[in-house]
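*Asks:* Those sequence lines, one after another, are chains A and B.
Position 147, counted from 1, in the first sequence is what this note's numbering calls 147; the numbers after and before it change by one each time, with no gaps.
Position 114, counted from 1, in the second sequence is what this note's numbering calls 114; the numbers after and before it change by one each time, with no gaps.
Check the hints yourself; a few may be wrong.
A few chain A residues that face chain B, going by a derived Cβ cut-off under 7 Å, partial list only [what the hints assert, rightly or not]:
1) N164
2) A175
3) L185
4) V197
5) R218
6) T220
7) A221
8) H222
9) R451
10) E452
Hints were generated in silico from the structure; no laboratory data involved.
Treat the numbers as computed from the prediction; the structure is a model and nothing was measured.
By construction, the Cβ of each residue, glycine as well, lies at the ideal position given by its N, Cα and C atoms.
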Amino acid sequence: MSERQLEELREFREFRESEETPKTPGTLQTQKINDDLLSSLRPPTLRWYVLALCLGAVVAWGLAAFTWQMTHGMYVTGKNRPVMWGFYITGFVFWVGLSHSGTMVSSILRLSQANWRRPILRAAEAMTVFCITVAGMFPLIHLGRNWTFFYMIPYPNQRGLWPNFRSALLWDMTAITAYIIGSSLFLYLGLLPDLAVARDRSKGWQHKVYAVLAMGWRGTAHEWSVYRKASTLMAALIIPVAVSVHSIVAWDFAVTVVPGWHSTIFPPYFVIGAILSGVAAVITLMIVIRKAFHLEEYLTPLHFDNMGKLLLVISLLWSYAYFVEVQTTWYAHEPIEWEVFSFMSQRYTPQLLIMLAGNTLLPIFCMCFKRLRRSIGTMLVVSLMVNVAMFIERFLIIVPSLSHKNMPFAWGSYSSSWVEISVNLAALAGFALLFTVFAKFFPIVAVTDVRELEARRAEVSMGRAKVPSIAGEED
Amino acid sequence: METLGVFRDVESAARAVDGLIRAGFTEAQIDSLTSVPYPDGVLVKTGQRSWFRWLALAGGLAGAVAGFGLAAGTAWLYPVQTGDKPIIAIYPTAIIMFETTMLFTIIAAMVGMFLEMRLPALKKRPYDAAVSDGCIGICLTIHPGGEAVECLPGVRSDECIGEIAALSAGEQRELATDVMKQAGALRIIGEEMS
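Produce the entire structure from the sequences given, and follow the hints as far as they go.
*Replies:* Structure (structure tokens):
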């Protein structure tokens, strides 16, 4: 601990022992919660810098690969006729999927007033913002002549060009823009009272930054009243946006006549897949945050138990949707559809097996048992496996269908190049870097929400009985 | 002008609110500052109807119009004839309209929320950082004083004050300070008259 940290700790202890210490209902004192949950905002350690440097190096490598692609042309990727969508679009669909669950899970749990949600909200919402940012990069990287990306932006220009809204690419752009802005505002809304706490407990330039971001929040009854109504409204508004984003991504495929893609089940199937990967990613992040910031007291086995149950339900739904899709193809035995499926199962057998194991067998088996749901190690393995499997699933949707389209003389195959792999790895590192930096500057566990939960747990005496405290209010 | 009393717990803060009302101040003049939300009436009664959702609705309507203009209007202005397909396609127009409607609704909801909260605060208001640590603040809006104003619906909180408004602002503040100290205020923070 540095001198400054020791000094802060001493001041905090003195305050806690003083007469002014507030008597807040709850099992954990308010100051202790503040102290624990804002500990992540302390000055970075050497270990943090090393981590950020490593992640930054991978991002730099990805940028170098992308520059190589821009200067040498798209031939440096593995894309070739007939497979013109490869690892980039796989990455795009995968990251959009990951982004899906954060805000969605947060909103659904908020609207359903699931109290256990509180410590995990912030990580889920931040995950959404960073995932959708990373996802939004992929169509731009995939464009080819990347420097003309602004052709997609509708504005009057000398070329007399106007974006054609009949193109699914424009739907993506509109939906992703709406989702990035909506998710960022949703994240900021949740942060607002916590920024005021950070403002009150910081000094110097940090205090100035938090003061600007907190906008003069004081926690008046009127502010809380409006805030709660706005939170509920925003939670209700963001869900249809989240569903629409992944439905539109599914329509990128489903509105074509490519065998294997032209299916009515695609939008709900994509949405379910997105929630599955998103829930798994939230679990992974919870484990990392818990370990990194020593938040064992706040992210308890109960949270993993509940998230495990959610994972089980979504995994069952995904398995059902996948079964329906395959079973329909198999029973109809339409030649070209069956050809695509046969090609996929023969050419990509190991990948197919990993996908089924990771998305179906492993989560369904493990999440049936309370003991395994409450085991942090098991949850880490399962959540990581789900996302590896989901990446493979995205790949298996895209590449086999494009490899074996309607004209057999134009069949081909695809192998990803080092450039595509580098860019995808950089995307992963970029996400991790954004999250790491965010966690250093903003409370990664919702302080106010946790305090409210503690206040609700409090009991007051009424005659001979102890009844729940009324502190806190339903949405 | 506002005066803030900082209390160690809800009970003493509630005593202060009762004391202020008994002294002649009105409910509309009193506000609480807390680190977690309390149900209406535990400390003060807000009882105000929220209007920002109407702004969200207006934003949504504006978004729908903007989306329609963007997708259908520009398709009409810059026609691209593709086979036998219509120039204005319903399906893409509906998608774009939906997204812009939701986007504008969300933005308008946020803007409305801040407007209704009167944030960002442009001038400094009494506040104590101990509120973040769980203390309770009771904030009283002091009337400029000199003339009693009847509390009728629609009269602003800093205007709505009965007999006590006959006292000067300084006397009102002294009275409020006494009441809050008696209730157990840890400290009183005053805002100077601007």
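*Asks:* All the hints need checking, so say for each whether the structure fits it.
*Replies:* Now the hints, each set against the structure:
Satisfaction of the interface hint for N164 (chain A) is found here, the shortest Cβ-Cβ separation to chain B being roughly 6 Å, below the 7 Å cut-off. At about 5 Å, the closest approach between the beta carbon of A175 (chain A) and any beta carbon in chain B falls short of 7 Å, and the interface hint on this residue holds. For the restraint placing L185 (chain A) at the interface with chain B, the shortest Cβ-Cβ distance is roughly 5 Å, inside the 7 Å limit, so the hint holds. Annotation: V197 (chain A) was flagged as interfacial toward chain B, and the flag holds, the nearest CB pair being 5 Å apart, inside 7 Å.
Interface restraint check for R218 (chain A): the shortest CB-CB distance to chain B comes to about 5 Å, inside 7 Å, so the restraint holds. At its closest, the beta carbon of T220 (chain A) sits 5 Å from a beta carbon of chain B; the interface hint therefore holds under the 7 Å criterion. Annotation: A221 (chain A) was flagged as interfacial toward chain B, and the flag holds, the nearest CB pair being 5 Å apart, inside 7 Å. For H222 (chain A), the shortest C-beta to C-beta distance to chain B is roughly 5 Å, which falls under 7 Å, so the interface hint holds.
At its closest, the beta carbon of R451 (chain A) sits 5 Å from a beta carbon of chain B; the interface hint therefore holds under the 7 Å criterion. Interface restraint check for E452 (chain A): the shortest CB-CB distance to chain B comes to about 4 Å, inside 7 Å, so the restraint holds.
No hint from the list above goes unmet by this structure.
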